[in-house]
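J.: Place chains W, U and P with the ligands on chain C using the hints.
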Amino acid sequence: MQTQEQVVPIRTPESSLNDDVITVIGPDGAASGPHDPKLDSEQVLDLYKAMVSTRTIDVQLERLQRQGRIGFHIGSLGEEACILGSAAAMREQDWIFPCYREFGALLYRGFPLQSYVDNMFGNADDLVRGRQMPDHYSGRAHNFGSVSSPIGTQMTQAVGFAWAAKKRGDDVVASVYFGEGATSSAEFHTAMNFAGVMNAPVLLLCRNNRWAISVPSEKQTASETFAQKGIAYGVPGIRVDGNDVLATYKVVRDYVEKAAAGGGPALIEMLTYRVGGHSTSDDPRAYRVQDEVEHWRRTDPIVRLRKHLEVLGVWSDAEEEAFKADTEKSLKACIAAAEAKPKPSLASMFEDVFAEKPWHLKEQQAELESGPRAKSGH
Amino acid sequence: MQTQEQVVPIRTPESSLNDDVITVIGPDGAASGPHDPKLDSEQVLDLYKAMVSTRTIDVQLERLQRQGRIGFHIGSLGEEACILGSAAAMREQDWIFPCYREFGALLYRGFPLQSYVDNMFGNADDLVRGRQMPDHYSGRAHNFGSVSSPIGTQMTQAVGFAWAAKKRGDDVVASVYFGEGATSSAEFHTAMNFAGVMNAPVLLLCRNNRWAISVPSEKQTASETFAQKGIAYGVPGIRVDGNDVLATYKVVRDYVEKAAAGGGPALIEMLTYRVGGHSTSDDPRAYRVQDEVEHWRRTDPIVRLRKHLEVLGVWSDAEEEAFKADTEKSLKACIAAAEAKPKPSLASMFEDVFAEKPWHLKEQQAELESGPRAKSGH
Amino acid sequence: MPEMNLVQAVNDALRIEMTNDEDVVILGEDVGKVGGVFRVTQGLYDEFGEDRVIDTPLAEGGIIGTAIGMALYGLRPVPEIQFGDFIFPAFDQIVSEAAKFRYRSGGEYPVPMVIRTPVGGGIRGGHYHSQSPESLFIHTAGLKVVCPSNPYDAKGLLLSAIRDDDPVLFFEPKRVYRAVKTDVPEGEYTIDIGKAKVVREGTDLTVIAWGAMLFEALASADEVAADGISSEVIDLRTLWPVDIDTIVESVKKTGRVVIVHEAPKACGFGAELLSLITEKAFVHLEAPPVRVTGWDTPFPYTLENEYLPLQHRITPALRETANYVP
Amino acid sequence: MPEMNLVQAVNDALRIEMTNDEDVVILGEDVGKVGGVFRVTQGLYDEFGEDRVIDTPLAEGGIIGTAIGMALYGLRPVPEIQFGDFIFPAFDQIVSEAAKFRYRSGGEYPVPMVIRTPVGGGIRGGHYHSQSPESLFIHTAGLKVVCPSNPYDAKGLLLSAIRDDDPVLFFEPKRVYRAVKTDVPEGEYTIDIGKAKVVREGTDLTVIAWGAMLFEALASADEVAADGISSEVIDLRTLWPVDIDTIVESVKKTGRVVIVHEAPKACGFGAELLSLITEKAFVHLEAPPVRVTGWDTPFPYTLENEYLPLQHRITPALRETANYVP
Ligand SMILES: Cc1ncc(C[n+]2csc(CCOP(=O)(O)OP(=O)(O)O)c2C)c(N)n1
Ligand SMILES: Cc1ncc(C[n+]2csc(CCOP(=O)(O)OP(=O)(O)O)c2C)c(N)n1
Ligand SMILES: [Mg+2]
Ligand SMILES: [Mg+2]
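Protein chains in written order, with our numbering: chain C, 1 to 378; chain W, 1 to 378; chain U, 1 to 326; chain P, 1 to 326.
So here's chain C without its partners, still in its complex pose (with noise of 0.2 angstroms):
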């Protein structure tokens, strides 16, 4: 319509080109370039060896799941590099609000991987004590929020978070991941105009693995990228390569720096890709061909970090089968032990519902501990 062409809209930026990705390992291996964060062996060999036992990890319980010993399990086979790359760059005082695929953050945090396949079986040891399904931990002793299910949730909590922090004068910074399904939530929203509006230190990291479920990015939304969604609400958004733990690291850590020096929130989107299904429920063969996968396959964030520590001169096959076993080994003891472990207590399910326990709750209790169900010991 030629009136149009008389209509000066707001010029929609050109980063959404793929060429404005960061990345720092390149095809060969080596790294190169204004973003290589430059770490040591040493680093950059504890980032492979977190990425190997998360994936390993995820292996197995998938298998536990289709074997019936487990209720179910949502893993990141795939996106090892932008978890655990994210992660690594959050200083030691920094909080991290999960989405539900970042068990591999949450071990690199120290949490016990016991603890964790503890909650796998939502036994009386798990420190959720059975309530909630697998993967929902909680991890508060080691900067880590607490896993839920609704979508987006964690993103206002996390900035709400960031800005308490602020406030009192901590030094402290917040992440939260999410997919980029989730950026079509409500909670996106608001929590990227109350971080805009609060200038709160938080960064909302985007782990773009293509799908949500059956539903392709293309079909959440009409913008070319996620990372340009920041300019809705004056927050930066970088677009990195999520299967280059490097340039992940570098540019979480150069925000999470930016962030700490009161220069506000960010927006990251971690490109990657989610290569099994969205979880033990889910076969994406349904609704994604396979070439797409294999495809994705070929850019996998672990063959890559291995070629780069071929550059490095570090590791070895030897070295990789023996690792593996030892983190097999020590999972299967967990997994042993977790199954042994008895159901939480009938009383557990009354607890924490308040601070104390109110007298309906404690009439709800008595209700069924002298009902048949505490006769049969459930």
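Because the hints were derived from the structure by calculation, they are not lab data.
Note that the structure is predicted; figures quoted are calculated from it, not measured.
Backbone N, C-alpha and C fix where the C-beta goes; we use that ideal spot for every residue, glycine too.
Take these hints with a grain of salt, some might be off.
Beyond 10 angstroms from chain U on every Cβ pair, some chain W residues (computed) [unchecked claim]:
hint, residue
1, Lys38
2, Val275
3, Ser330
Simulated coverage check for chain C against chain W, where a stretch passes if three residues somewhere in it have a Cβ under 8 angstroms from a Cβ of chain W [to be verified]:
hint, segment
4, 186-198
5, 211-222
6, 225-234
T.: Showing chains W, U and P with the ligands alone in chain C's frame:
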């Protein structure tokens, strides 16, 4: 922090600068530039009259409220150009989803003044049967939606409505009004995102009148403009001088035609100012300086258009006085009539909850009708 | 007559009405290509196309808000909320808008819309894949709430709901989805909204249930029958407006009543049922009406079967109520 | 001892606790410079600064979501929702997050937060400035709900609520805001959450009310006293967890009860109260408990006084209940 330089954030557009704001009527009252809709004097005069009568009604209703004869009024003092310019730009078959300041648009659409005044009194002839507060009208017969108080809810509804028209193959565009404060609501985010993804023929008309009750626009968001929020959704965002009725008319008309031609949604930020209080319940002196108000009075949309009429050489003081007098006269007549009408019946309270009255509402109606209020005729 | 489970019966009803009526559209998360996480809309995307079966962005408020807009235009949207637990981001659009639209517009704007969503426990879903939010919507004037217990009722009730001119919340007991098969007639038939069904006749006490808990109630009724207690079991089918006549008639006969539901007790629908019965049949009550419900805690994962009002909790309640002497 | 209205009493409590505790912060729409649309936070912005009294963007979900985050960090946020009718955009954060956080985290993450909001009718607010949503939150395990009827209680209850380690919904009856003045002691005092108050002793029947309707209940009690009917009137003050002992004790004495609330009847809190009473005092009941409530319709504008359970509707209920013979 020096490492920052290395990270290239998504560039924010410069389009927030004032010279990006589309204007047609110059200080001298002459219309010029690419956005001049080139209306004939009839049409301009028609718009002018609508703006003047809208203001006249506002002034009278505020007085009426102070006299305690109506309970509430929420007006459009200073916002007449953006409301009437945009309403006039919609084609007859197009639909308008109101916020709560658009009674001028409702009347422009041919809604009877008497019906509007009956709504202000919530009497038995009120088309919404005295169920809602004053200024919460509904105008289906005039392709006009239904006012509700919760901020933002009309936006997603307008998107779904526009999509439905498109699905039916009807040549209908929907427009929806809201204030700049409402861009912080979840509804704005969802409406913009769904509009973009569905490519719905809908125009999101943001009256940026600077204030959300006592909250100034800079506290709503850290983005420089509201129009740039379109970038987050791949939806064009345009800024227009909302106190320039010709510019507003032209921009809205262009995007109506674009949407009708399958070009999809647009976000139009109309820069204006809320000259009065938020509503009759609000006294803005508690939170803003009078200078600001005075500054905006100088850009009064009616004064500006009057100047343009002089350039066109139509309209005179005498005609203006006569016109105002007429408006006041017919308004007074409607008020007198509305005030004399009875309250809605007790029975009406139990109707329209459902298409058919269920047993429990029949029981409750009987209970009320057998009680003292029925006898006292309430 | 074909046998169907509840998933198939709902799918069948959707296919029939989408064939009958161009204005019926489905929208929600993952409802398209993959046919929903429970496969309830399977095949409809291929059959009716992406304009009739819409995969939306991840925003329940947007799903319901746009569905309302479609209904205002004249369509008959059937939005799906993936789990009842995720209906809350859309709560404002449902209670402030859909429920009040007809009323606040003086009848100008009805909102014919059926919100389908799976509810209840039984799949080890923990806090957020198990809840039963019916009472929140029953408390909101302007909404109808339906919850079938079996495939046959599900199909007939859904066809009625889609043709209804008011917003209907259609709660599907996910524990029943594939667990129960019944004969389901081919083609069209409807079951009236607002009509309960006496599924077991009895004389000593009345048991009121719906959805998945109906089967637990029936199991307990059989169990206590061995002790010579004769239970009448009512499947409400429509929760609101509730079929008060069927309930009161039964309670007048038995004088004793046990109400079973999964949702927490406090301000649950059981409270309203108990109140209505007490108000309307006070002089006929021979024992205090009893509620067997989910506890007033969040819905737990491991102890799901200790949380739910299953047979092990219903049976003692039936015995006590039947044997109550003031 | 100074006289205060409810607005002043709440303001006084906020000022006291903000002075005591650096961690107490207020956030909401228009709470800052202008002191809230009802002026409840007036003066606090000037006194404590914009870091303690925060004007937020227009998003209730953001107000509650960020307040939860602040509470997780260790602050004691007191968010304001401008009208109870506008709490629904925050419903998901309240029922899915705040209510379940302590439980789902095994006690790791308490959420001490007081959500203040004006509720109820009486200001000609129509659909969206009049509602009373208490039962929705009572039904949600993990939330406490408080609703004072007078300035004295408001101050003492708010101080308790802010010091409470669980999320509390603090409902302020806007009809009472400036209509009632009482003596309010200067400085600190608390009133226990969970304790009701018998505000009028009687022997023939028990009337249960709270908030603005308490005064209507008292007026009716006086009215029927003329006919020799002696009513005991209980002001619940805390709605949940409710003070069951005070209620049951009174009902055991009177054998008759009338419950009054503004919210719609279906699944309103009256249903829970009626059910608890029937369960716990069945043998003492001499008449069916009666509910006098808002109708099951949206809240109307012009007929507000015909919708509300005012004296003209309570008095006949008291008479009938007192004179009931089976
Ligand atoms: C409010 C809400 N709606 C729907 C769901 C169901 N659901 C769980 S995960 C998911 C997709 C999330 O996709 P994305 O945000 O991209 O994260 P990813 O799983 O890809 O990491 C959906 C729809 C939910 N958990 N919460
Ligand atoms: C969900 C919701 N929250 C709060 C309010 C109270 N409220 C009414 S108007 C308003 C400010 C709106 O400002 P804006 O969107 O800029 O529109 P304007 O009044 O300036 O035209 C507020 C906070 C409401 N009506 N709905
Ligand atoms: Mg994803
Ligand atoms: Mg404004």
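J.: Each of the hints needs a verdict: does it hold here or not?
T.: Here's how the hints hold up against the structure:
1. Lys38: Non-interface label stands for Lys38 of chain W: nearest chain U Cβ at 33 angstroms, farther than 10 angstroms.
2. Val275: About 29 angstroms separates Val275 of chain W from the closest Cβ of chain U, which puts it past 10 angstroms; holds.
3. Ser330: Fine: 23 angstroms to the nearest Cβ keeps Ser330 of chain W off the interface.
4. 186-198: Per the Cβ count (7), the hint holds.
5. 211-222: Check passed, 4 qualifying residues.
6. 225-234: holds (count 9)
Violated hints for the displayed structure: none, as all numbered hints are satisfied.
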